[in-house]
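*Asks:* Sequence order for the protein chains is B and U. Yeah, the first sequence ends on 468 if you go by the numbering used here, and it's all consecutive. Yeah, the second sequence ends on 372 if you go by the numbering used here, and it's all consecutive.
Since the hints were made in silico from the structure, they are not lab data. Incorrect hints may have been included.
Unchecked claim - Label-pair distances were calculated between CB atoms; the ranges are:
id : chain 1 : residue 1 : chain 2 : residue 2 : range
1  : U       : Val209    : B       : Asp269    : 42 to 52 Å
2  : U       : Ser260    : B       : Glu307    : 27 to 37 Å
3  : U       : Asp234    : B       : Arg304    : 47 to 57 Å
4  : U       : Pro276    : B       : Arg304    : 18 to 28 Å
5  : U       : Trp95     : B       : Gly320    : 46 to 56 Å
6  : U       : Arg230    : B       : Arg304    : 25 to 35 Å
7  : B       : Ala358    : U       : Ser260    : 31 to 41 Å
8  : U       : Asp262    : B       : Ser196    : 52 to 62 Å
9  : U       : Arg278    : B       : Gly217    : 34 to 44 Å
10 : B       : Arg304    : U       : Ser229    : 52 to 62 Å
11 : U       : Pro276    : B       : Gly253    : 46 to 56 Å
12 : U       : Asp262    : B       : Glu307    : 46 to 56 Å
Stated by the list, open to error - One side of the interface only, derived from the structure: several residues of chain U facing chain B at Cβ under 7 Å:
id : residue
13 : Arg101
14 : Phe105
15 : Glu267
What the hints assert, rightly or not - Listed below are the simulated SDA-like cross-link pairs for lysine to any residue, each with C-alpha atoms no more than 25 Å apart in a straight line:
id : chain 1 : residue 1 : chain 2 : residue 2
16 : B       : Lys289    : U       : Ile186
17 : U       : Lys282    : B       : Lys199
18 : U       : Lys282    : B       : Gln328
19 : B       : Lys289    : U       : Ser315
20 : B       : Lys199    : U       : Ala273
21 : U       : Lys282    : B       : Gly235
22 : U       : Lys282    : B       : Ala432
23 : B       : Lys289    : U       : Ile362
24 : B       : Lys289    : U       : Pro286
25 : B       : Lys289    : U       : Trp235
26 : B       : Lys199    : B       : Gly235
27 : B       : Lys261    : U       : Leu266
28 : U       : Lys282    : B       : Lys261
29 : B       : Lys289    : U       : Pro276
30 : B       : Lys289    : U       : Ala265
31 : B       : Lys289    : U       : Lys297
32 : B       : Lys289    : U       : Tyr330
Because the structure is a prediction, the values reported are computed rather than measured. Don't be surprised by glycine CBs; every beta carbon is placed ideally from N, CA and C.
Residues per chain, in single letters:
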Amino acid sequence: MSVVKLARVDKAFGQGDVVALQGIDLEIGEREFISLIGPSGCGKSTLLRIIGDLIEPTGGEVVVNGKTAHRARLDRDYGIVFQDAVLFDWRTVAKNIALPLEMLGWDRGRRSERVDELVELVELTGFEGHHPWQLSGGMQQRVSIARALSFDPPLLLMDEPFGALDEMTRERLNLELLRIWEASGNTVVFVTHSISEAIFLSTRVVVMSARPGRIVGIVDVDLPQPRTAATREEPRFAELIRDVRRLLRQGGGFDVEEATPSGEEDLITAEEGL
Amino acid sequence: MATIAAKQPPVWRPALGRAATFAAVLAALWALWEGFKWFGEATELKIGTFQVNDTTWPHIHDIVGQLFEPSRRNGPLLIEVLWDAALFTAKEAAVGFALGAAIGFALGVVLAHSRLLQRGFLPYIVASQTIPILAVAPMVVVWFGSRGFPDWFSVSIISAYLTFFPVAINTLRGLTSVDPRALELMRSYAASPMRILWKLRLPTSLPYLFAAFKIAATASVVGAIIGELPASIQDGLGGAILNFNQYYSTTPENLWATNLIAAALGISFFLAVVIAERIVVRRAPEHVA
């Protein structure tokens with residue numbers, strides 16, 4: 195059974211004059227790790243929010259876990275991670291992780307048991323009593339991931355979770371995320387603007403075009419599992435990067451980037467030199 | 084934590100530093116006051132009809148000394164009289180503060196959840212503060228007095244009238260200043276508006292609330308003192324001020340001493356809020372006002 199099924203999904207903002215997404219068809223199976231990649235403004239974050247029922251599409255059908263996206267949200271079928279950790283300053287690490295469990299009405303004992311497991315999973319043992327401002331950006335993001343996984347949702351939505359981190363932290367967290375994904379067995383939809391990150395993490399990479407956002411192509415990542423630091427050195431890795439880049443160019447991604455060299459496109463440019 | 088704590092100087096050091104600063108500021112204020120008095124008397128300074136002498140500008144040691152003189156022949160010391168008056172006013176102000184804070188908070192919560200109500204009611208809430216308290220006070224006293232409430236309660240109402248406003252405005256501001264992604268996060272948990280209020284909006288608004296409470300704390304004392312005048316209450320600081328006003332030309336130190344106590348009462352209200360904030364608000368150090 196597919197975890198996410200999108201059929202002819204459209205999204206327009208305003209009076210329909212800004213078309214963010216057009217005719218999106220996508221099926222995501224269980225245990226898949228899907229990356230959405232595209233130039234800035236291609237609507238990949240919008241698509242993620244449509245799957246999470248945080249934004250309503252203007253047209254088309256969204257099925258999550260065999261039900262409407264709305265029903266799936268009410269059933270807490272997914273956890274979400276944003277670019278910023280969005281932790282609550284007034285809560286400790288442990289209490290931030292336990293936030294969704296409080297919503298679900300878990301009792302204190304069960305909560306603290308689960309928090310202990312998660313703290314271990316994201317390797318933050320010893321920091322349970324810390325407040326967010328006492329942690330580095332990478333550690334904050336790990337808390338945010340633990341929070342999203344706390345109630346063991348079948349689907350994990352991640353909106354450029356490592357976009358604000360430095361390259362070294364990002365690569366380490368990529369490995370950690372894969373380990374967590376293997377351990378937890380859920381499906382991940384991951385928005386990124388880094389081609390190498392997308393290839394390294396995913397089972398499939400969905401390449402989107404500049405506005406209006408359409409799916410230009412889907413690249414199957416046939417790199418062996420589990421991925422390790424050595425995966426990046428394999429020749430196949432470079433080939434896949436070329437494939438994704440070709441699709442991006444086809445979708446107008448690189449044209450956009452040359453006209454407006456701002457943050458997001460810079461990364462894609464930088465990676466072209468790989 | 085251990086490494087962070089180890090870098091900090093001993094606990095008493097900052098306290099000692101603060102005490103030293105406090106003493107230095109007090110000394111400077113004293114020097115300014117006495118310096119101006121000396122200068123004014125030496126040069127026979129005249130500003131309009133104002134002239135510096137022992138009546139218009141008594142020595143600070145005379146004002147403080149007056150506190151320990153009998154308030155009247157064979158009567159209790161002035162400080163004892165003023166202590167009782169301050170306690171009386173403190174009761175009025177505390178009830179007024181609690182009422183005003185509760186009403187202000189409730190208003191803020193309601194307005195934060197409805198743009199329509201915000202547009203409809205906010206102008207009147209603002210207008211309420213442009214009406215001078217002295218114009219409202221007699222009506223409040225008559226209205227509540229005729230319904231069997233004690234006079235001091237009318238004073239509390241007047242005090243609440245001054246305190247609800249900053250609390251309402253800052254509650255509204257605090258509750259609506261929530262990070263939009265935090266709201267998305269709560270929506271992803273299918274959280275009810277009530278849950279979002281308690282788990283997200285309220286904690287976010289706490290620094291705003293305490294900023295308002297600080298303003299409201301001092302305003303509640305001023306409101307109580309002013310409110311005592313139209314209510315003809317003799318037992319509080321307002322009554323004492325009115326009384327000593329009449330004898331200003333003979334013993335100006337009494338009025339000044341009363342002002343000193345009134346200021347001390349306002350400051351202690353303010354400090355109570357600061358302490359409550361320290362206990363309640365757990366935030367990054369730079370976010371605490």
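*Asks:* If you check each hint against the structure, which ones fail?
*Replies:* 5, 6, 7, 8, 11, 12, 13, 14, 16, 17, 19, 21, 22, 25, 28, 31, 32
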